[in-house]
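Top to bottom, those sequences are chains W and X.
When the letters of the first sequence are read in order and numbered with this note's numbering, they come out as residues 1234 to 1562.
When the letters of the second sequence are read in order and numbered with this note's numbering, they come out as residues 228 to 604.
Computed, partial: chain X to chain W, Cβ under 10 Å:
#1 Val263
#2 Ala362
#3 Asp580
Covered stretches of chain W, going by a simulated chain X footprint (3 or more residues, C-beta under 8 Å):
#4 1270 to 1284
#5 1447 to 1458
#6 1530 to 1536
#7 1539 to 1550
These aren't lab readings, by the way, just hints derived from the structure by calculation.
Keep in mind the model is a prediction, meaning the values are calculated, not measured.
Each residue gets a CB set at the ideal place from its N, CA and C atoms; glycine is no exception.
In case you want the letters, here they are:
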Amino acid sequence: MTALNSLIAVIGTLIVALLVSVWLPGIERKFVQARIQQRVGPPISSAGIMAPIKFFFKETINPNSPMPKLYNALPIISFLSVLFILLLTMPQLYVFAAFTSIIALVGLLKIEEVIYMFMGSLSKSIMSLKMPFPDIVKGAKHPDSPRSYLEELSSLRAFRLIAFGSFPLYIALFVPVAMTKSIYLSGIVAYQQIHGPVLFTLAGVLGAIVFFIGYMILLNEYPFAILKTKADVIEGPLMEYAAKYRAYNYITRGFLMFVLASIFTTLFLGIPPNLFSWTILVTIVVALIFPILMAVMSAFSPIFTYKQFYPTVAGVSVIGILAIIASFL
Amino acid sequence: MNEDNKMTDKKVIETEITMGTVHSAAIEPYRVRLFVEDEIVRDAEITVGINHRGIERIMEGLPVEKANSLTEKICGICSNSHIWNSVLVAEKAIGIDVPERAQYIRVIMEELERLHSHMLYLAHGSEVLGHETFAMRFFYIRETVMELLRMIGGNRVQYGVSIIGGVRPRCELDEMRILKIREGMDIIEEKILEFADRFVSDPMIMARITGVGVLTQKQAIKLAATGPTLRSTGVETDLRREMESYDPFEFDVITQDDGDVKSNLLVRVLEIPEAIKIIRQALDNLPGGKITNRSWEMQDAPITKSYIEVPRGKLYHSYSLEDGRVRNCIIRTPSITNIGAMQYAAVGHHITDAQLAIVQCDPCFTCTDRAIQIIKI
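Only chain W is shown next, with the shape it has when bound in the complex:
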């Protein structure tokens, strides 16, 4: 494979990924959930395509933030980290061995997670401001209590999610590693091309279940939407984003859905995303199946508070550990 061919493959795969990913939020939230909820729902293109286009043409306002430029840059950093994850799963880049290892993958995923924490701590929404006079006169039970912003609470929650919420996803990532005895994606893919996909083993099935729960947690989807639940008093770290910065967020979310599906096909099926192979269709199909499953699950569950979240994560993590143990058998 020449360098030019590789370049075309990488760019082509990225374009295909972007084209598919913009449809995923619409399929997930509007198409599937609306059908379950017996309502028509908006057009399928609304969430992933039309909304970002609309936001790109809106006037940008300065966010209420101590560091507005950094705050506005975070969605772009988030998008770039997701983009790098997709790049490192592509077979054309396996020549950069250390870069295309499971360690790099985990690191980049962690960057994506940490960004929510920064977003929360840098957003000071006007919705949390208190009016001094009525507060002092009407309430006055605890007048000297330090005030916090809703987004600071989101930031704290993002920190907790980084600490424990992402256990299932990262445990699941190590199931193929344990089975193939390689931390390099090239090694994992090569093993599966010889021995068959990891998914078709007991450890693989358990790992896939755990991966899917981790996928939902990473995407902050119901019932794991504690980070930005609207039903709570929290609106999330994204509250102050307007215009094109909100559009970047929307695009990143759809893109992350595709990229996580691509990680799954690479690690559990041995099929990395490659435009020059028919197997790119498998990645696209998995990218479509995951949001549909997620939409069904989230349509039939309430938001979990920590009381439900901790046992769920603990239980799923135990299954993940069992999967790793099973992979040695």
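Chain W is already provided as a structure; the job is to place chain X on it using the hints.
Just chain X, lined up with the frame of chain W:
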């Protein structure tokens, strides 16, 4: 700490989270101040009075018929309750006899309103839980009631059924309307019981609502909680038992013991079949004759009070009459007396459950928001 070891006496609490008065997660204009320690609510304050509309003030000096119509605008959910109670004040003050058929139609309207209010509560509660599917389905069932209300009153929100001396002629229940109401009741009964069964048998939902927002019976009485919120703590009280209009009907007062979100939901769910029972009795025994008594004359009257049981609890209206015009009008909606219970219920729980604990008392801050407080600074 207070007697239940729930609310703190500390002056400084770790963090204060303020939400509102305008917030994208809140439907109505109210402000919640939550004092939290490690995401656990230690104290809560709810402030209303921001959206003052001054309806009582507008009513001052208006002809009583016009003032009665204005009371419907207080609330978009229990508009019939307001006009009914306001009309009852005038009827009591002047001493007007209301035809029996009109009384039955008023009861039917009130119970239909209770049905849609409770279903709205269930839908909103599901939404706050994060269960959009159940919320949508409850809204879907509620549509049947809304259409029945539109059929009788000609409008989905403000029906204008009660007038002094009876009900409006356009709200007469003919055979076709009676048949439609019966069909509607059959549909609602079947669907609501099915969904309620699914709701309470869902382990994820039960995990979210059991033991959350607990209000003890003692505290509920002390905080002057009313309506289903009070009944959810085991207090068997329902003003309908004392209302003359409800004398002909048999129904059970639903109570639960735990005073938490689950009990509140169950009280309202179980009140739906009772409301259907009352409507069926009213339709079966609907008396004949006139629906309006027009043989009355306006006269001056001192301040007259009227209490009725509306979907959220006790509703109070009072005013005096002077040359056919309303004077000294005071209205108290149930939500204002339930605010203390809401604040109390939120304490001791995770901040994610705070909104649920507030919503369990079925607040309607918009209809509460008429009083204004003038503060000297």
